[in-house]
Amino acid sequence: MTPLERAREDWYPVEIAGALAAGQTKATRLLGQDIVLTGTADGSVTVTAGGEDWPVCVAFDHVWTSPSQTPRPLFEIPEAQEKERRFVPCGVVRVKCSPLRAVENFLDIAHFPFVHTDILGSEPYTEVEPYKVDITDDGAEVIATKVKFFQPQAAKSAGGGIVTDYVYRVPAPMVSILYKTCPPKPDAQDVITLFVQPLDEETCDVWPWMALYDYDSTMPELIQFQQMIFLQDRSILENQKPRKLPLDPKMEIPTRADLTSVAYRRWLKRNGATYGALTDAA
Amino acid sequence: MNFTLYSYILSGNCYKIRLLASLLGVEHETIAVDFHPGGAHKSEPMLALNPAGTLPVLVAGDLVLSETQAMLAWMAGKFDASGTWWPQGDADRTAQILQWTGFAGTLTATIGDLRLHTMLGRDIDVDRARAGARTALRTLEAHLAEQVLCGRTWLVGETPTIADIACFPYTALSGDAGLEHDAYPAIRNWLYAVRSLDGFLTMPGIHALHELREGETDHG
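Protein sequence lines, in the order shown, are assigned to chains A and B.
End of the first sequence = 396 in the numbering used here, gap-free, step of one.
End of the second sequence = 238 in the numbering used here, gap-free, step of one.
Chain A on its own, in the form it takes in the complex:
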């Protein structure tokens, strides 16, 4: 199976649910193929690619599609069922980088003090303490736990600096979900996700989504906090060379803080999920 064939078996986000009016169309791309979305009278969307209808589902406030008529089941986020959370689709941002690089950046905390200065990190609190990374027994997910980091403003709802606990899940090659300390509700965790639509191997549309306990901030404030964070990353992501994610350990030297990234790269390789990756040292 080629990397593209493997990638064509997954679901991908292509629009926010309810954004297209009946009859309204939107042209976009997925895995190098042109597709057209059309809003339907019942508030749903159809997706066609070269005359062929693709399956569609709605989950986590987004419309998902797949080039396969029998895609792998979409991963689950149990917190999406918790009605007291606020669900925040943050819109889409285009980034000229491999979809895998976008996910990997989301998994990294060492860059917080330098890229998200005085928000998600600050100097001199740059040390990443040891944490734990596992691949689930069925091999389906990468999970990082016991991640701790000092953050001046961990969330829109955070009043001041706190040590934030993080858990990361990678349930599909182009999806990352993080759970982090929820400042106003210490017994719960906020959920922030990155859903990535691969336009091709070196360009992606990124759809951040959040499920939060924050009843004070306005919706625009929540969205703009997340956009601020992600757009700070964008200029860094676009400058990473090579654009594709190198899987050969000789090409980029990891440190201990990069444990999640190392596990993610290995997991991609083992699963043949290498669309957007460089598999041989160039």
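Note that these hints are calculated values from the structure, not bench results.
Hints may contain errors.
As the list claims (entries may be wrong) - Just so you have them, the derived chain A footprint on chain B, three or more residues with Cβ under 8 Å:
no.	segment
1	23 to 34
2	53 to 67
3	187 to 196
What the hints assert, rightly or not - Computed list of lysine-lysine pairs in DSS-like fashion (alpha-carbon distance at most 30 Å, straight line):
no.	chain 1	residue 1	chain 2	residue 2
4	A	210	A	197
5	A	246	A	364
6	A	210	A	299
7	A	262	A	294
8	A	210	B	60
9	B	96	A	140
Said to hold, decoys possible - Computed beta-carbon distance windows for the label pairs:
no.	chain 1	residue 1	chain 2	residue 2	range
10	A	120	B	201	57 to 65 Å
11	A	140	B	69	23 to 31 Å
12	B	81	A	365	55 to 63 Å
13	A	139	B	200	51 to 59 Å
14	B	153	A	393	38 to 46 Å
15	A	228	B	170	57 to 65 Å
16	A	380	B	149	41 to 49 Å
17	A	139	B	160	40 to 48 Å
18	A	368	B	163	21 to 29 Å
19	A	187	B	61	37 to 45 Å
20	A	262	B	88	42 to 50 Å
21	A	273	B	70	30 to 38 Å
22	B	88	A	139	47 to 55 Å
23	B	163	A	190	52 to 60 Å
Note that CB positions come from ideal geometry on N, CA and C, so glycine has one too.
Put chain B on the given structure of chain A with help from the hints.
For chain B alone, coordinates are given in the frame of chain A:
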């Protein structure tokens, strides 16, 4: 509160108002408007405030401003005790500052548009915007290079003015639109000077200068 700014976090034009406020130490309130994905700047309450449907909008009592040049001039006129950011009394100098705050509109219409396209997928005439952006950057580079030859750092005169603040954001953000600064050394030098100002404020895509610790050098 001195004023209220209706703002979008990724907008270079909203940022220039927050930047000057930060440089002058002017406290204000910011109201987030959902430009993307919500399109709330074209909503009824916002159109009632600003029929042009643009951001930012500045409100101070009965005063409502929707043009960024006017906001910069108002803020400098009202809060800059030094009188250097928007100097009066020299017609030539005042006109030069207006010349460059006007030029900032060209930067918005070219680099700003291109950035909305590459980042948020807005439908625009890409070739026109890219050609316009290159011309604008060359114009700015030529002027700043000339200033450097005269021993100056800023767009007009010996000190930073609202002209620098007006032109800074979209020039600094051109990388977001795929236009790098490699070919524009004078622009790079000037961007560095603005980022070095006391009270400088960042926005996504414009990073802070990394503070050097004692014993470190610029090259280490």
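Next on the checklist: When the structure is checked against the list of hints, which entries are broken? Sort them ascending.
Outcome noted: Violated hints (numbers, rising): 4, 6, 9, 10, 13, 15, 18 and 22; every other hint is consistent with the structure.
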